[in-house]
Amino acid sequence: MSEHPTRPEGAGQRLGKVRPAPEGFLSQDDIAAVKAGRRDFLRGSFSAAVAAMGAGAAGFSGLARAAEEGDSAILTLPPWSTSLGQGVAARPYGLPSQYEKGLIRRESPGLTRVSGSSVAFTPLQGLFGIITPSGLHFERHHQGWQDIDPSRHRLMINGSDPSMVKRPKVYTMDDILRMPPVSRIHFIECGANTGMEWGNVAVPTVQYSHGMLSCSEFTGVPLRWILEDCGADLKKGKYILAEGADGSSMTRTIPMELVLSDEVLVAYGQNGEMLRPENGYPLRLVVPGVQGVSWVKWLRRIEVGDQPYASKDEAVHYIDLMPNGQHRQYTSTQEAKSVITSPSGGQMLLDKGFYNVTGLAWSGRGKVKKVDVSFDGGINWKEARLEGPVHSKALSRFNIGWVWDGKPAILQSRVTDETGYVQPSYGQLRAVRGTKSIYHNNAIQSWKVAESGEVSNVQVL
Amino acid sequence: MSRFSKLACVALIGALGATSALAAGKGAAPAANPAFEGLGRAATPAEIRAWDIDVRPDFKGLPKGQGSVEQGQDVWEAKCATCHGTFGESNEVFTPIVGGTTADDIKTGHVKNLQPGSSFPQRTTLMKVATLSTLWDYINRAMPWTAPKSLKTDEVYAVLAYILNLGEIVPADFVLSDANIAEVQKRMPNRNGMTTDHGLWPGKGIGTGKPDVKAVACMSNCKTEVKIGSTLPDYAETAHGNLAEQNRTIGATRGKDINAAKGQPAAAAEKPSANAQAHQLAQASGCTACHGLTNKVVGPGFNEVAAKYKGKGDAEGKLVAKVKQGGAGVWGQIPMPPQSLKDEEIKSLVQWILSGAPAK
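So the sequences go chain by chain: C and A. Under our numbering, the letters of the first sequence match residues 1 to 461, in that order. Under our numbering, the letters of the second sequence match residues 1 to 360, in that order.
These are computed hints drawn from the structure, not numbers from a lab. Ideal Cβ positions, reconstructed from N, Cα and C, are used throughout, including at glycine. Don't take every hint at face value.
Claimed, not checked - So these bits of chain A aren't anywhere near chain C, every CB distance computed over 10 Å: (1) Glu77; (2) Phe87; (3) Val175; (4) Gln277; (5) Lys296; (6) Ala306; (7) Val320; (8) Ala321; (9) Gly329; (10) Pro335; (11) Glu344; (12) Lys347; (13) Trp352.
Stated by the list, open to error - Below are the PhoX-like pairs computed for lysine-lysine, each with C-alpha atoms no more than 20 Å apart in a straight line: (14) A:Lys322 x C:Lys235; (15) A:Lys204 x C:Lys238; (16) A:Lys210 x A:Lys227; (17) A:Lys227 x C:Lys407; (18) C:Lys236 x A:Lys342; (19) A:Lys308 x A:Lys347; (20) A:Lys210 x C:Lys369; (21) C:Lys369 x A:Lys214; (22) A:Lys312 x A:Lys347; (23) A:Lys112 x C:Lys367; (24) C:Lys236 x A:Lys204; (25) A:Lys322 x A:Lys308; (26) A:Lys322 x A:Lys342; (27) C:Lys370 x A:Lys347; (28) C:Lys235 x C:Lys166; (29) C:Lys166 x A:Lys223; (30) C:Lys236 x C:Lys166; (31) C:Lys238 x A:Lys60; (32) C:Lys166 x C:Lys101; (33) A:Lys310 x A:Lys347; (34) A:Lys223 x C:Lys382; (35) C:Lys367 x A:Lys310; (36) A:Lys112 x C:Lys436; (37) A:Lys186 x A:Lys60.
Turn these sequences into a full structure, and let the hints steer you where they fit.
If you want it as structure tokens, here you go:
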């Protein structure tokens with residue numbers, strides 16, 4: 001872009017009246033050119049530049065309102081309409097626009113002590129539909145993430161004793177990729193999602209309150225087919241143990257019933273490409289409806305056994321402290337939950353008038369049946385529109401129109417799943433489970449809208 | 001070679017045998033799906049031994065061996081104490097392992113500090129864990145955190161004996177072994193502290209299968225007043241960075257400008273400072289897994305490094321070389337592994353560290 005495009009004669013004068021914000025008229029390149037004293041540039045645009053500078057800041061950039069003769073975004077052709085764009089494969093692996101850089105995975109400061117055993121949350125506040133872009137899938141590692149050489153990765157199947165699996169086997173990635181695959185859309189949610197909020201409001205935005213949640217199309221082989229290939233005893237083997245190949249060698253017990261339903265996948269594909277290293281490249285277990293820790297990443301081994309294993313992350317963590325001092329062990333299912341993602345905490349409404357209230361609903365027990373939304377803190381509810389198709393154990397997107405009259409409001413969503421289970425309020429959940437459970441907080445989320453348009457996180461009992 | 005052809009043969013027979021199994025399956029596999037003939041091979045006994053390291057609550061899988069509290073103390077001090085504290089009490093890298101249990105808990109198998117009304121601030125590992133197998137299995141597979149699976153079997157027994165001694169579960173002259181571990185299990189302070197009386201297990205073997213919380217989907221006039229139980233504390237809003245930069249700049253909403261709320265110009269926070277960039281690089285390069293900005297983790301806190309070399313003109317070059325090559329002895333016996341970064345990145349990191357490693 002060494003040549004500045006010429007502008008139509010007289011454009012400058014008209015622009016002066018429209019009072020465009022300087023940044024709406026001069027691109028960064030233009031400003032640099034002015035500073036560098038490029039005379040050819042100045043000749044073409046001098047009067048316009050002066051007019052623009054004189055106008056001062058015209059308010060919120062991007063909110064330009066058309067004045068008398070029109071909007072400068074229309075009347076002054078922008079550089080992208082008057083120049084040559086970049087060539088193909090300038091970025092061989094595509095990246096989001098530079099204007100989207102705020103929407104990234106983020107840590108919650110102070111939540112954990114070291115980044116190798118920590119969480120990065122998905123920016124739900126800015127996502128559409130139900131699929132989480134792979135680069136924004138939340139991260140939770142216990143001993144850092146690894147980028148495993150797939151040619152050296154192996155999957156072993158064996159039994160807790162020889163009678164459980166007749167033919168213990170080893171598969172390479174070549175073997176697994178030769179098997180017939182299935183592709184399915186499922187949500188994955190960390191058992192500790194919303195865990196910081198059991199006792200009180202603790203975080204400002206939906207990214208931190210609900211962002212240990214993602215949804216992808218996973219491609220892989222139903223585990224049952226592989227177990228059958230090894231001659232596993234699927235009756236005597238009531239449980240499987242899944243084990244990772246990373247430093248933590250994460251282990252988790254999974255009930256054989258889920259494996260027999262063919263829902264549990266040995267997956268390598270995520271949203272059309274291979275899994276990302278942060279999500280278990282080259283192989284992870286997909287355990288629909290169950291908390292994320294069971295979706296063992298960097299999967300290296302499956303053991304078929306007749307007893308649960310009480311691994312560290314099912315005997316020291318991922319256990320839920322009840323008010324009577326007992327810990328619930330082997331709590332795996334993610335019960336039905338929903339959240340409004342926009343407008344949501346930490347956002348500002350621009351003005352009175354129409355808003356599309358949108359959010360996500362999901363259930364670890366099957367399909368979402370309906371989502372109700374309240375604008376008055378749960379006194380009255382309206383059924384929202386569910387975007388189809390609704391998949392089992394996947395995120396569902398809901399939308400509902402709302403005209404904000406400028407008065408305070410409290411927005412809530414409440415899901416009912418196909419089993420008839422209804423998402424509880426904080427009051428209902430705490431009455432049974434207290435406030436120290438850490439895991440499995442699926443309470444109704446409330447966002448308060450103030451007269452200023454500011455949206456903030458509150459808890460309605 | 002002959003061993004391998006035999007194995008291949010076993011695998012082949014296996015694959016043939018699987019034909020009928022698959023065909024008899026639930027039918028989710030495409031009907032025309034033949035057995036996975038030619039895929040995979042038999043696992044050798046040595047391979048299974050190498051990977052099948054799990055230990056169950058009934059101690060199935062536990063290898064033979066033993067270790068004393070005294071030997072365990074040596075292992076602990078050399079390989080664990082940097083992160084977990086000399087007495088397992090440290091909260092720097094992870095929650096404390098030891099603390100909060102009593103002799104009475106050992107009798108009852110219920111930890112009093114978990115009961116209602118307790119004001120004990122934390123839940124340590126020994127307060128929670130009911131099964132001793134869990135600790136043996138986990139230390140063996142995952143600790144030390146930066147060098148997992150490096151302990152010998154007897155070292156695992158020994159270091160576990162030491163942890164149990166810190167929790168006053170075994171005496172100082174105790175030798176833990178595969179022969180007596182089941183006896184020690186009977187002294188675990190929270191051994192009776194687990195329940196499976198819940199509906200969150202997606203199978204028949206455990207729990208009730210029924211949800212414990214029952215709500216109804218009332219649609220109108222569901223209550224007479226809206227009780228707000230909690231609102232966002234100010235510190236929590238500002239602790240998460242500028243929300244304006246965490247939202248899209250077009251659409252129905254904008255993120256709240258935290259700086260504007262604090263009376264500072266918004267633009268000030270837009271571009272990360274050189275310090276913030278160096279901090280990010282340190283995080284992205286894994287340095288902060290071992291170094292705190294202001295506290296020791298495995299290696300020294302970066303503030304300690306800055307203090308040590310303050311005023312020493314030749315420090316930069318030396319430290320750049322040290323980070324590149326790794327090494328031990330300056331701060332203790334634990335070595336830093338060589339760090340593979342570009343030279344100019346290491347240089348900028350070292351300059352930042354020597355300037356005191358400010359987060360921003």
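Against the structure, the hints:
1. For Glu77 of chain A, the condition that its CB be more than 10 Å from all CB atoms of chain C holds, with the nearest at approximately 21 Å.
2. For Phe87 of chain A, the non-interface assignment is confirmed: its Cβ lies about 18 Å from the closest Cβ of chain C, beyond the 10 Å cut-off.
3. With a least beta-carbon separation of about 24 Å from chain C, Val175 of chain A lies farther than 10 Å from that chain, consistent with its non-interface assignment.
4. Residue-level check passed: Gln277 of chain A sits 14 Å from the nearest beta carbon of chain C, beyond 10 Å.
5. Taking the minimum C-beta to C-beta distance to chain C, about 12 Å, the non-interface status of Lys296 of chain A holds against the 10 Å cut.
6. Once the 10 Å rule is applied to beta carbons, Ala306 of chain A is consistent with being away from chain C; the minimum gap is 20 Å.
7. Non-interface status of Val320 of chain A relative to chain C is upheld: no Cβ of that chain comes within 10 Å, the nearest being about 23 Å off.
8. The beta carbon of Ala321 of chain A is kept farther than 10 Å from every beta carbon of chain C, the shortest such distance being approximately 26 Å.
9. For Gly329 of chain A, the requirement that its beta carbon stay farther than 10 Å from each beta carbon of chain C is met, with the minimum near 24 Å.
10. No Cβ of chain C comes within 10 Å of the Cβ of Pro335 of chain A; the nearest lies about 17 Å off, and the non-interface call holds.
11. No Cβ of chain C approaches the Cβ of Glu344 of chain A within 10 Å, the least distance being about 23 Å, so the stated non-interface status holds.
12. For Lys347 of chain A, the condition that its CB be more than 10 Å from all CB atoms of chain C holds, with the nearest at approximately 23 Å.
13. No Cβ of chain C comes within 10 Å of the Cβ of Trp352 of chain A; the nearest lies about 17 Å off, and the non-interface call holds.
14. Between the alpha carbons of Lys322 of chain A and Lys235 of chain C the distance comes to roughly 57 Å, so the proposed pair goes past 20 Å and is violated.
15. Between Lys204 of chain A and Lys238 of chain C the CA atoms are separated by roughly 9 Å; this keeps the pair inside 20 Å, and the hint holds.
16. For the hint linking Lys210 of chain A to Lys227 of chain A, the alpha-carbon distance of about 29 Å lies beyond 20 Å, and the restraint is violated.
17. Restraint check: the Cα-Cα separation between Lys227 of chain A and Lys407 of chain C comes to about 18 Å, which is no more than 20 Å; the hinted pair holds.
18. Proximity of Lys236 of chain C to Lys342 of chain A is assessed by CA-CA distance (about 55 Å); at most 20 Å being required, the pair is judged violated.
19. Annotation: proposed proximity of Lys308 of chain A to Lys347 of chain A holds, straight-line Cα distance about 18 Å (limit 20 Å).
20. A threshold of 20 Å between alpha carbons decides the hint, and for Lys210 of chain A with Lys369 of chain C the separation of about 19 Å falls inside it, so the pair holds.
21. A hinted pair counts as satisfied when its Cα atoms are at most 20 Å apart, and Lys369 of chain C with Lys214 of chain A qualifies at roughly 16 Å.
22. With a C-alpha separation of about 16 Å, the suggested pair Lys312 of chain A and Lys347 of chain A falls inside the 20 Å cut-off, and the hint holds.
23. Straight-line distance between C-alpha atoms of Lys112 of chain A and Lys367 of chain C comes to about 41 Å, which puts the hinted pair past the 20 Å bound.
24. The suggested pairing of Lys236 of chain C with Lys204 of chain A holds, with an alpha-carbon distance near 13 Å, which does not exceed 20 Å.
25. Only pairs whose Cα atoms come within 20 Å are accepted, and Lys322 of chain A paired with Lys308 of chain A is accepted, the gap being roughly 15 Å.
26. Only pairs whose Cα atoms come within 20 Å are accepted, and Lys322 of chain A paired with Lys342 of chain A is accepted, the gap being roughly 14 Å.
27. Our distance criterion of 20 Å between C-alpha atoms is broken by Lys370 of chain C and Lys347 of chain A, whose separation comes to about 57 Å.
28. Pair hint Lys235 of chain C plus Lys166 of chain C holds up; C-alpha atoms about 13 Å apart against a cutoff of 20 Å.
29. Only pairs whose Cα atoms come within 20 Å are accepted, and Lys166 of chain C paired with Lys223 of chain A is rejected, the gap being roughly 60 Å.
30. Among the hinted pairs, Lys236 of chain C with Lys166 of chain C is consistent with the structure: their alpha-carbon atoms are about 12 Å apart, no more than 20 Å.
31. For a cut-off of 20 Å, the pair hint linking Lys238 of chain C to Lys60 of chain A stands: about 16 Å separates their Cα positions.
32. The suggested pairing of Lys166 of chain C with Lys101 of chain C is violated, with an alpha-carbon distance near 53 Å, which exceeds 20 Å.
33. A C-alpha spacing of about 17 Å is found between Lys310 of chain A and Lys347 of chain A, which places the hinted pair at or below 20 Å, so the restraint holds.
34. The straight-line distance between the Cα atoms of Lys223 of chain A and Lys382 of chain C is roughly 15 Å, inside the 20 Å bound, and the hint therefore holds.
35. Taking the CA atoms of Lys367 of chain C and Lys310 of chain A, the gap is about 62 Å. The hint is violated against a cut of 20 Å.
36. With a C-alpha separation of about 15 Å, the suggested pair Lys112 of chain A and Lys436 of chain C falls inside the 20 Å cut-off, and the hint holds.
37. Straight-line distance between C-alpha atoms of Lys186 of chain A and Lys60 of chain A comes to about 17 Å, which keeps the hinted pair within the 20 Å bound.
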